[in-house]
Amino acid sequence: MAEQTEKAFLKQPKKTGKGKRPGKGGNRFWKSIGLGYKTPRDAIEGTYIDKKCPFTGNVSIRGRILAGTCHSAKMNKSILVRRNYLHYIKKYENRHSNIAAHVSPCFRVKEGDHVIIGQCRPLSKTKRLNVLKVIPAGSSSAFGKKAFTGSLSLILMIG
5 MAEQTEKAFL
15 KQPKKTGKGK
25 RPGKGGNRFW
35 KSIGLGYKTP
45 RDAIEGTYID
55 KKCPFTGNVS
65 IRGRILAGTC
75 HSAKMNKSIL
85 VRRNYLHYIK
95 KYENRHSNIA
105 AHVSPCFRVK
115 EGDHVIIGQC
125 RPLSKTKRLN
135 VLKVIPAGSS
145 SAFGKKAFTG
155 SLSLILMIG
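Everything in the sequence shown is counted per our numbering, starting at 5 for the first residue and increasing by one.
To be clear, the hints were calculated from the coordinates, so they are not data collected in a lab. Careful, some of the hints might be misleading.
Unchecked claim - The calculated label-pair distances, taken between Cβ atoms and stated as ranges, are:
{"hint": "1", "residue 1": "L14", "residue 2": "Y92", "range": "18 to 28 Å"}
{"hint": "2", "residue 1": "E97", "residue 2": "T51", "range": "14 to 24 Å"}
{"hint": "3", "residue 1": "R68", "residue 2": "N98", "range": "20 to 30 Å"}
{"hint": "4", "residue 1": "H91", "residue 2": "K15", "range": "46 to 56 Å"}
{"hint": "5", "residue 1": "N88", "residue 2": "Y41", "range": "17 to 27 Å"}
{"hint": "6", "residue 1": "P140", "residue 2": "E97", "range": "22 to 32 Å"}
{"hint": "7", "residue 1": "N98", "residue 2": "P140", "range": "32 to 42 Å"}
Quick reminder that beta carbons are idealized off the backbone N, C-alpha and C, glycines included.
Construct the entire structure; sequences and hints are all you get.
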């Protein structure tokens, strides 16, 4: 049975279609959101129930796809994503914006992780985005790296 942590008993809605595949514990509904993002293994094999999950719930991703860094992961099923941008004013050079996003239980997000979030329908008063992919903070495939570091080391070796 599913992990029940809320006061109300939760279950997946009765859906039939392509995404419903039989597994060990019976049928579990999951879907591919498209856009080149893979469905996480925990969404397919997990037992969680989240109606706002883009992989197992009733939410479609459409509109903008944004990237940022997890600034706070203290809320239940929610994170704050910090997006840095440059608005050049001599006195105030670096600027940022904080965006609230929904995190499905199939992701384990910690502060400092890089996340890719996609726009969906309004999920609450402030949440309109859903986490699609998590890149751990120490991994080498992070998108925040400088592009010229490889060529700089090559120049130092030749020179």
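For each hint, the structure was consulted:
1. L14 / Y92: 18 to 28 Å: For L14 and Y92 the Cβ distance comes to about 48 Å; the hint is violated.
2. E97 / T51: 14 to 24 Å: 48 Å, violated
3. R68 / N98: 20 to 30 Å: About 22 Å separates the Cβ atoms of R68 and N98, which means 20 to 30 Å holds.
4. H91 / K15: 46 to 56 Å: 47 Å, holds
5. N88 / Y41: 17 to 27 Å: Cβ of N88 to Cβ of Y41: about 23 Å, so the range 17 to 27 Å holds.
6. P140 / E97: 22 to 32 Å: Holds, at about 29 Å.
7. N98 / P140: 32 to 42 Å: This hint is violated: roughly 24 Å between Cβ atoms.
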